[in-house]
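Trainee: As a plain string of letters, each chain reads:
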Amino acid sequence: MFRFILIRLAQSIFVMFVVSLIAFSLFRFVGDPVAQMVGQETSIQDQERLRERLGLNDPVPVQFVRFLRDLGTGNFGFSYRTRQPIGEMFLDRMPATLELSFVSLLISLAFGIPAGIYTALKRGRFSSSAMLILTLIGVSVPTFVIGIFLIYIFGVQLTVLPTFGRGETIAIGWWKTNFLTVEGLRALVLPALTLGIYQLALTMRLVRSEMLEVLRTDYIKFAVARGLNYRSIYFHHALKNSMMPVITIVGLQLGGIIAFSIVTESVFQWPGMGLLFLESIQFVDIPVMSSYLVIIAFLFVIINLIVDLLYFVIDPRIGSATDSQI
Amino acid sequence: MWRKIIDGTVENEFLYYFFRSTSALVSSSLCLIILLSALFAPLISASNPYDLTTFDLLDSLTPPFWEEKGSSRFLLGTDDQGRDLLSSILYGTRLSLAIGVTSIVFAVVIGVSLGLMAGYFGGRFDAVVMRIADVQLSLPAILTALLIDGIARGLLPASEHDRLMFFVLVVAIGLSLWVNFARTARASTFVERNKEYVQAAEIMGLPKWRILLTHILPNIMSPLLVIMTIDLAIAILLEATLSFLGVGVPANQPSLGTLIRIGTEYIFSGEWWIVIFPSLMLIILIISVNMVGDFLRDVLNPKLK
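Protein chains in written order, with the numbering used here: chain A, 1 to 326; chain B, 327 to 631.
One or more hints might be untrue.
[Claimed, not checked] Simulated restraints on C-beta separations: (1) B:342 x A:17: 44 to 54 Å; (2) B:576 x A:172: 37 to 47 Å; (3) A:161 x B:427: 36 to 46 Å; (4) B:539 x A:45: 52 to 62 Å; (5) A:298 x B:449: 47 to 57 Å; (6) B:399 x A:153: 28 to 38 Å; (7) A:59 x B:454: 35 to 45 Å; (8) A:45 x B:576: 54 to 64 Å; (9) B:382 x A:45: 54 to 64 Å; (10) B:456 x A:136: 45 to 55 Å; (11) B:488 x A:13: 34 to 44 Å; (12) A:221 x B:456: 57 to 67 Å; (13) B:539 x A:179: 30 to 40 Å; (14) A:132 x B:488: 50 to 60 Å.
Everything labelled a hint here was simulated from the structure, so no lab data went into it. Bear in mind that the values here come from a model prediction, so they are computed numbers and not experimental data. All C-beta atoms, glycine included, are put in the ideal place defined by N, C-alpha and C.
Let the hints inform the model, and build the full structure from the sequences given.
Mentor: What follows is the structure, encoded as structure tokens:
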């Protein structure tokens, strides 16, 4: 078990190391940082002085170590475009993305899990076949198309919900929240639905197949043979065991939600980290791009690590299996 | 009736399942129709949306023909430039499919060759490839594609940018999808490597590349084929997303994603057709490719069901 944790930790650190290496090479080798920072009229001498001050003449490994140390202390440098410190820019945008992701995750789990269980138990019924077809559409329709359709229906035809921006926010310290005003909550509805529908369909399909898998096992057949009533079989025996993978699902979902928030934020002009990243690509703002890469990779690695460890805590068979394999 | 005919005549197992499955028949004919209309877009479309001389600003924002102000010249209406929307959609599908297929080919070439070698040789090469795959998997495909696109923007001069965008997209999408192919090819090669026919080929002294390409590769094709179809849908989706986000193909040669992005600007002023029709086309395309993929998976790989 100890070994399993150690191996996973080493893998995570390796991934983070490679990602920071990529981020560093992006910053250092795609375009000249000095040329990006100064204007046309800056003299060669001034440029050289800046180069020296930034440490760009040092050996590359030394620069990389300095880059890592800066990352560790949360110093991400300055944006080429806005000249602001990148750490502050992301901190400012983070609440918007996190609140949006949280609500979408809630939507996808609150509806996806019950629907998945229902379609597994009521196999072959018209209602569950209809739901399955809906999920096929849900996983096939691109996020941005869902967003546009929702905007068209609720924003243009019915004009009941706002279609861009965060609406009214209330600041608690530096954290600006949408949850405390009616306008803020209304602004959340369409983006959160857009982001949540794909995940909802995915959750439903995963829960369904997991539940079907468990229903096929011997101990369920045995419970049926013992003459237990179906309610107790389904909800005590089957459900408990098919809920295990839900942790993995939540982990996968969080990753997907954070990634696809880029698209949703663009459709609804939601001022989050994804929109900032997108703007930085359009303006070739390399420091912001590479910082986003590092931040997202860090979130992913942490989520995956927690999921793996939780999985192991719940089902010790996994740990012993990997131990004997390695 | 139909089923009885099939039961009596079709000998081949694959074709048997194919003709018996309604969803496979429907989705593959849809795919075929879309593919053919994309291939022959220059022949069947009413006008060439890339040629500025063929359209007139006076025709701009014409609604589809069944609406009051519609015209039979433009079946699905026109956009803000007076371009025939149906023609734009046909050309756009052509571009979307071209980018999707090319990037899958690119991903297959990289992924399968790395996977074959990793599975066959094992050892340090295998370890390195799989660690790279781990890093790649820790980032979602859309992020990888966006990043590569951004890097290309930084490296290429702006004048060359539009011209090379096709290849930038192919590389960006291909590099974000190769891992699936590499992992599958590696796992299957791992199994095949110890089989007798491979040993026989080794004893005969055939060169390694021939063993890999002509002996092992044909035997691991069926799982790869399934992933190819499913990933084609993902590739089309990625291309559409990138173009929609404004970092894909330029607006003078619009793909489906670009058309949708242009259309969103008119959604509030009531010109709904500019955004709805390209979106529907994209949805139909992705759903039918996905359904073909589901069918292939069920038939070729019953274990995954």
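Trainee: Confirm or reject each hint.
Mentor: To see whether the hints hold, each was checked on the structure:
| no. | hint | verdict |
| --- | --- | --- |
| 1 | B:342 x A:17: 44 to 54 Å | 52 Å, holds |
| 2 | B:576 x A:172: 37 to 47 Å | 44 Å, holds |
| 3 | A:161 x B:427: 36 to 46 Å | 39 Å, holds |
| 4 | B:539 x A:45: 52 to 62 Å | 59 Å, holds |
| 5 | A:298 x B:449: 47 to 57 Å | 31 Å, violated |
| 6 | B:399 x A:153: 28 to 38 Å | 30 Å, holds |
| 7 | A:59 x B:454: 35 to 45 Å | 25 Å, violated |
| 8 | A:45 x B:576: 54 to 64 Å | 40 Å, violated |
| 9 | B:382 x A:45: 54 to 64 Å | 58 Å, holds |
| 10 | B:456 x A:136: 45 to 55 Å | 32 Å, violated |
| 11 | B:488 x A:13: 34 to 44 Å | 41 Å, holds |
| 12 | A:221 x B:456: 57 to 67 Å | 39 Å, violated |
| 13 | B:539 x A:179: 30 to 40 Å | 58 Å, violated |
| 14 | A:132 x B:488: 50 to 60 Å | 43 Å, violated |
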